[in-house]
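Visitor: Fit chain B to the known structure of chain A by using the hints.
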Amino acid sequence: MKEENIKKLLSNDLKKISSKNFNEEIIRQLNLAKKKEKRILFDQNYIIKLFLIISFLVIVISLKIVEELTETEIIIGLFICALPMYFMVLNKIYQLKPQNFQNNENLN
Amino acid sequence: MSEELIRKARDGDIQAINELIDNHKDLAFSIAIKYLKNTEDAEDIVQNSFFIVLKSIKNFRNESKFSTWLFTIVYHECLKELKSKNQKIEYIPQFIECEEEEEEEEEETFVSNDYNLENLLKVLKPNEYTVITLFYLKEKSIKDIANITSLSKANIKVLLHRSRLKMKQLITEKRI
Numbered sequence: 000m001k002e003e004n005i006k007k008l009l010s011n012d013l014k015k016i017s018s019k020n021f022n023e024e025i026i027r028q029l030n031l032a033k034k035k036e037k038r039i040l041f042d043q044n045y046i047i048k049l050f051l052i053i054s055f056l057v058i059v060i061s062l063k064i065v066e067e068l069t070e071t072e073i074i075i076g077l078f079i080c081a082l083p084m085y086f087m088v089l090n091k092i093y094q095l096k097p098q099n100f101q102n103n104e105n106l107n
Numbered sequence: 000m001s002e003e004l005i006r007k008a009r010d011g012d013i014q015a016i017n018e019l020i021d022n023h024k025d026l027a028f029s030i031a032i033k034y035l036k037n038t039e040d041a042e043d044i045v046q047n048s049f050f051i052v053l054k055s056i057k058n059f060r061n062e063s064k065f066s067t068w069l070f071t072i073v074y075h076e077c078l079k080e081l082k083s084k085n086q087k088i089e090y091i092p093q094f095i096e097c098e099e100e101e102e103e104e105e106e107e108t109f110v111s112n113d114y115n116l117e118n119l120l121k122v123l124k125p126n127e128y129t130v131i132t133l134f135y136l137k138e139k140s141i142k143d144i145a146n147i148t149s150l151s152k153a154n155i156k157v158l159l160h161r162s163r164l165k166m167k168q169l170i171t172e173k174r175i
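As they're listed, the protein sequences go chains A and B. According to numbering that gives the first Met the number 0, the first sequence is numbered sequentially starting from 0. According to numbering that gives the first Met the number 0, the second sequence is numbered sequentially starting from 0.
For the record, the hints were derived by calculation from the structure and aren't laboratory data. Hints are not guaranteed to be accurate.
[Unchecked claim] Think about it this way: if two alpha-carbon atoms lie no more than 35 Å apart in a straight line, the pair counts; the simulated DSBU-like pairs of lysine-lysine are: (1) B:Lys64 with A:Lys35; (2) A:Lys7 with B:Lys57; (3) B:Lys152 with A:Lys63; (4) B:Lys7 with A:Lys48; (5) B:Lys54 with A:Lys6; (6) B:Lys82 with A:Lys48; (7) B:Lys167 with A:Lys1; (8) A:Lys34 with B:Lys167.
Okay, chain A solo, but in the shape it has when bound (with noise of 0.2 Å):
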């Protein structure tokens, strides 16, 4: 059987998608997903660069210029290291807030 023929007759069988807003609501699907990535209080890059700046001063200021360091200004050392991640944890709190969902349907 000839390649042309087989060709025909499989692209003559083709199924038609019966919905007409196939595309759009791929498309619409797209656009949600885009915003809902997108909407975020914070940028994830700012947040790592914090952390290393405030990392790195926590380390100098606990070195050089407290000389003894007690428990509780090693715990304050380590709450303040860890200030970036409150702000990935306030954008991941954000994206889940139900009304930013309802913000992303009505900008479609």
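Guide: Chain B alone, transformed into the frame defined by chain A:
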């Protein structure tokens, strides 16, 4: 051209995205409906597969890679759906691997456009239909089809041979 289309779609060009979807949706839907036998389920699976692939479009350089991944997702989503419904697809035992490849016959089999082709390909099993359509309509290589379906290259050749044979028989019967 296909690289240009992918580039435009990557930049968010709606027309390019529409063109990409239009280029592949009918075959993806036909394959899905062949497995699932249900229009709504098939549409949902194809739509979801497009969404998954288009979301990661930045990873593709040309349409061929895009479509290979799309059909991989469609195929495996169909199998997952069948599994969830406890339905089985045809298993191809390894011993048929030794089946000889079809010898190309020179005899012309005339296929007229006047034939009522509706449901003509019902005789093909889902696996056969998937393999033959990907091979002829999307011009995928045996290697690509093996990647899409996770079947061995030998099994793909057997399925191709069988489906060509079935189609030929059908055409001959129709002529009689």
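Visitor: Within 35 Å, alpha carbon to alpha carbon, are lysine 152 of chain B and lysine 63 of chain A?
Guide: Given that 35 Å is the threshold and the Cα spacing comes to 67 Å, the pair is violated.
Visitor: When you check the alpha-carbon spacing of lysine 167 of chain B and lysine 1 of chain A, does it fall within 35 Å?
Guide: holds, 10 Å
Visitor: Is lysine 34 of chain A close enough to lysine 167 of chain B, meaning Cα to Cα at most 35 Å?
Guide: violated, 51 Å
Visitor: Compare the distance between the alpha carbons of lysine 7 of chain B and lysine 48 of chain A with 35 Å, and conclude whether the hinted pair is satisfied.
Guide: holds, 33 Å
Visitor: Taking 35 Å as the top limit, are the C-alpha atoms of lysine 82 of chain B and lysine 48 of chain A close enough?
Guide: Measuring from Cα to Cα gives roughly 47 Å; hence the hint is violated.
Visitor: Would the hint linking lysine 7 of chain A and lysine 57 of chain B be met if the CA-CA limit is 35 Å?
Guide: Between lysine 7 of chain A and lysine 57 of chain B the Cα gap is close to 33 Å, so the pair holds against 35 Å.
Visitor: Just to be careful, I want the Cα atoms of lysine 54 of chain B and lysine 6 of chain A compared with a cutoff of 35 Å; is the pair within it?
Guide: holds, 31 Å
Visitor: Would you check the hint for lysine 64 of chain B and lysine 35 of chain A, treating anything up to 35 Å between C-alpha atoms as holding?
Guide: holds, 27 Å
In summary, the numbered hints that this structure violates are 3, 6 and 8.
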